[in-house]
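With the working numbering applied, the sequence shown covers 1 to 177.
Think of the hints as simulated: they come from the structure by calculation, not from any bench. We put the beta carbon where it would ideally sit given N, CA and C, even for glycine. Check before you lean on any hint, since a few could be wrong.
[What the hints assert, rightly or not] Think about it this way: if two alpha-carbon atoms lie no more than 16 angstroms apart in a straight line, the pair counts; the simulated EDC-like pairs of lysine to aspartate or glutamate are:
#, residue 1, residue 2
1, 133, 106
2, 121, 177
3, 107, 72
4, 140, 81
5, 133, 72
[Claimed, not checked] Estimated spans, in silico, between C-beta atoms of each pair:
#, residue 1, residue 2, range
6, 87, 156, 39 to 47 angstroms
7, 42, 89, 33 to 41 angstroms
8, 65, 28, 22 to 30 angstroms
9, 126, 69, 16 to 24 angstroms
10, 44, 148, 36 to 44 angstroms
11, 73, 122, 16 to 24 angstroms
12, 81, 135, 16 to 24 angstroms
13, 152, 87, 17 to 25 angstroms
14, 45, 148, 32 to 40 angstroms
15, 137, 33, 55 to 63 angstroms
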Amino acid sequence: MSETSGVDQPAKTSDEDLPDTREVIATVMTIIGIFMLVAMIIIFIYIMYILNRKDRIRPKSQTLNEICMEIESLNRPIIAELKSYTSPPLPVHLTMKAVFILLGEEKQLVHEWNDVVTLFKSTGSNSLISRIKGFEEADKEVVQEVRRLIAGSSYEEVYNAGRTVSILFRWVSTVCE
Numbered sequence: 001m002s003e004t005s006g007v008d009q010p011a012k013t014s015d016e017d018l019p020d021t022r023e024v025i026a027t028v029m030t031i032i033g034i035f036m037l038v039a040m041i042i043i044f045i046y047i048m049y050i051l052n053r054k055d056r057i058r059p060k061s062q063t064l065n066e067i068c069m070e071i072e073s074l075n076r077p078i079i080a081e082l083k084s085y086t087s088p089p090l091p092v093h094l095t096m097k098a099v100f101i102l103l104g105e106e107k108q109l110v111h112e113w114n115d116v117v118t119l120f121k122s123t124g125s126n127s128l129i130s131r132i133k134g135f136e137e138a139d140k141e142v143v144q145e146v147r148r149l150i151a152g153s154s155y156e157e158v159y160n161a162g163r164t165v166s167i168l169f170r171w172v173s174t175v176c177e
């Protein structure tokens, strides 16, 4: 008998007890593939979130002045878009009604689209842009009336109906906060 030193010797195994190298590699490759797939899905979801986020309402920190500057820079496109409608989509009409009611027009004077068109064709100090730039605040009752008017509308809905008009919707929403 041979003498053993007090160190445990590893148990001897047969080749049958060890997993096949090909099986181990296949299992590892499957796990890596699953992780890569999950990572790609997460990246895809994040990219979709970023792409969709650009069309959403900006944070409340955006002031009315910033929105007014944006409206002013798009004055011609907004007017051109509005003039192009003979019968605008409902979200566009509601947005323009809300704008003019906030600017002091009577509700019955903006009921028909032709009346709205007449108002936004005004020039000088009565122009839409001048009135928005000079806007300070509306009475609580007017704000509540406008909130009711746009209650069923969302920015996305208005944006899809009329892209440049959606800026005016942001202005209305910010005024009514």
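Okay, which hints does this one fail, numbers in order? Those not satisfied are hints 1, 2, 3, 4, 6 and 8.
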